[in-house]
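With the hints as your guide, set chain B onto chain A.
Protein chains: 2
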Amino acid sequence: MKLLLEISYLGTGYHGYQVQKNAVTVEGRLQSALEKFYKCPLMLVGCSRTDAGVHAESFFLTVEGDLYENMSPKKLPFAITQFLPEDISVNRAWRVEDGFHARYDVMYKEYKYLIWNEPIMSPFFCKRAWHCPLRLDIELMNECAASFVGAHDFSAFMAQGGSAKNTVRDIKYLEVEREGSLVTIKVASNGFLYNMVRIIAGTLVDVGMKRIPLGDIENIIASRDRKRAGPTLPPDGLYLSRVVYKNDKFFKN
Amino acid sequence: MKLLLEISYLGTGYHGYQVQKNAVTVEGRLQSALEKFYKCPLMLVGCSRTDAGVHAESFFLTVEGDLYENMSPKKLPFAITQFLPEDISVNRAWRVEDGFHARYDVMYKEYKYLIWNEPIMSPFFCKRAWHCPLRLDIELMNECAASFVGAHDFSAFMAQGGSAKNTVRDIKYLEVEREGSLVTIKVASNGFLYNMVRIIAGTLVDVGMKRIPLGDIENIIASRDRKRAGPTLPPDGLYLSRVVYKNDKFFKN
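Protein chains in written order, with the working numbering: chain A, 101 to 353; chain B, 101 to 353.
What the hints contain is simulated information worked out from the structure, not anything from laboratory work. You may find that some hints are simply not true.
Heads up, the list lumps identical chains together, so a pair's fine if it works in one copy or across two of them.
Said to hold, decoys possible - Listed below are the simulated BS3-like cross-link pairs for lysine-lysine, each with C-alpha atoms no more than 30 Å apart in a straight line:
#1 LYS174 - LYS310
#2 LYS265 - LYS346
#3 LYS265 - LYS327
#4 LYS265 - LYS139
#5 LYS286 - LYS227
#6 LYS136 - LYS286
#7 LYS121 - LYS174
#8 LYS286 - LYS346
#9 LYS227 - LYS174
#10 LYS212 - LYS227
#11 LYS286 - LYS265
Treat the numbers as computed from the prediction; the structure is a model and nothing was measured.
Looking at chain A on its own, in the form it has when it is part of the complex (with noise of 0.2 Å):
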């Protein structure tokens, strides 16, 4: 049986989601509670890979194994709780067929940057935005936001340690808000390169603080440069916020 799960994670204390050899991450913490509550071996298969310090709101993954069929899956939540700390939540668990894959099937996945945009830093935002104190003008990053839209090959925007061989990434939309003091960008695309967020998020800083020209902007993403693009900001005003699938049809409940 196969199990699709959505969780949400805080990624500060946690080097990210994927595991690894003598570090704590959220997929190895996930797999000590679920194998607890199942007494066996599972195999966990997660829709992406988030970098040390990055979060989610919403992540999905699936579980194989022998696992309780006669189980309503709308249990689950409640019933792992007791064995994950704080910082990690199991919010709903389907049944799938077993086609499904919790990372190719994936239609776009969107991603939110928080920007604490004040002259001092909060400290309810800390280790949860980035801090900049200079204040961003939201028409022109939007204004840029609008070139980054559609097909393009994003090499310039892909941090060195990219495997990718195919760089060519369809951005589904990318817009820039300000809530308060609370600047988010929100991106969607079929795919991200190596820091790719975090690299168009300061392109569009250095353009809202007029370090870059608007005018520059569709040439730095032609000239495949990564030297060109603007800084990569740091993990922590990262946030996966939303995955869609291709098919609804592999939701059995």
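Showing chain B alone in chain A's frame:
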């Protein structure tokens, strides 16, 4: 010279605001940061004492001592940041008259109590809101809240250990709001008895879960009997959110 400071803090790591022996407190941290900066002993007076684990969006205190006369108070928040931990911020500073008292000159204070009202707790609100898995009836809670407004003897809402002789307080407003998964109780008063906000919140929650009938509230207040009111909710959900002073003339800039 006397300065008035507005600060924010995440209370999770502190044994409350006020200095105590052998315990880490917000005041202790602040005093050592300010004394490092001003290089002299200083006298701090806070607007309130918050308990262990309680947060403050807006807390005021005065600082007296051999302060740099010719430094604009506007620069202090930036200058002091490097001496403070990330969970405390100095937001603003003003010169005030020597006669100003951070506690006695308060006209009223506002507290918020945050409740995560979903079956499963959010990792993002852990230690920052109380978790109530049962759906609360906000309309019922607001009807109940109306009975608290005005001057009443709030003995039924004072924890043991409270030292107040006069137990009459004048509640200016008490309101309950739902925004998505979060329920916020907001209360302003000229003063609060020991644990008063947390007991009022616990009583409103009992009404919202239909454990206490709405019709009983006026009798519970009139009874002056702590046993008849609801439970004291945990400190994690409590925020000092606003302090209004009697007279703006104290503020010199």
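Hints versus structure:
1. LYS174 - LYS310: between (50 Å within a copy, 26 Å between copies)
2. LYS265 - LYS346: Within. Shortest intra-copy distance 23 Å satisfies the 30 Å Cα cut-off; inter-copy 66 Å does not.
3. LYS265 - LYS327: For LYS265 and LYS327, only the intra-copy Cα distance (19 Å) is at most 30 Å; the inter-copy one is 69 Å.
4. LYS265 - LYS139: Classified as neither; 40 Å inside a copy, 58 Å across copies.
5. LYS286 - LYS227: both (18 Å within a copy, 27 Å between copies)
6. LYS136 - LYS286: Cα proximity of LYS136 and LYS286: none, with 37 Å in one copy and 41 Å across.
7. LYS121 - LYS174: Neither, since 32 Å and 49 Å both go past 30 Å.
8. LYS286 - LYS346: within (20 Å within a copy, 43 Å between copies)
9. LYS227 - LYS174: between (32 Å within a copy, 26 Å between copies)
10. LYS212 - LYS227: Both: 14 Å inside a copy, 23 Å across copies.
11. LYS286 - LYS265: So LYS286 and LYS265 pass the 30 Å test inside one copy only (25 Å; across, 54 Å).
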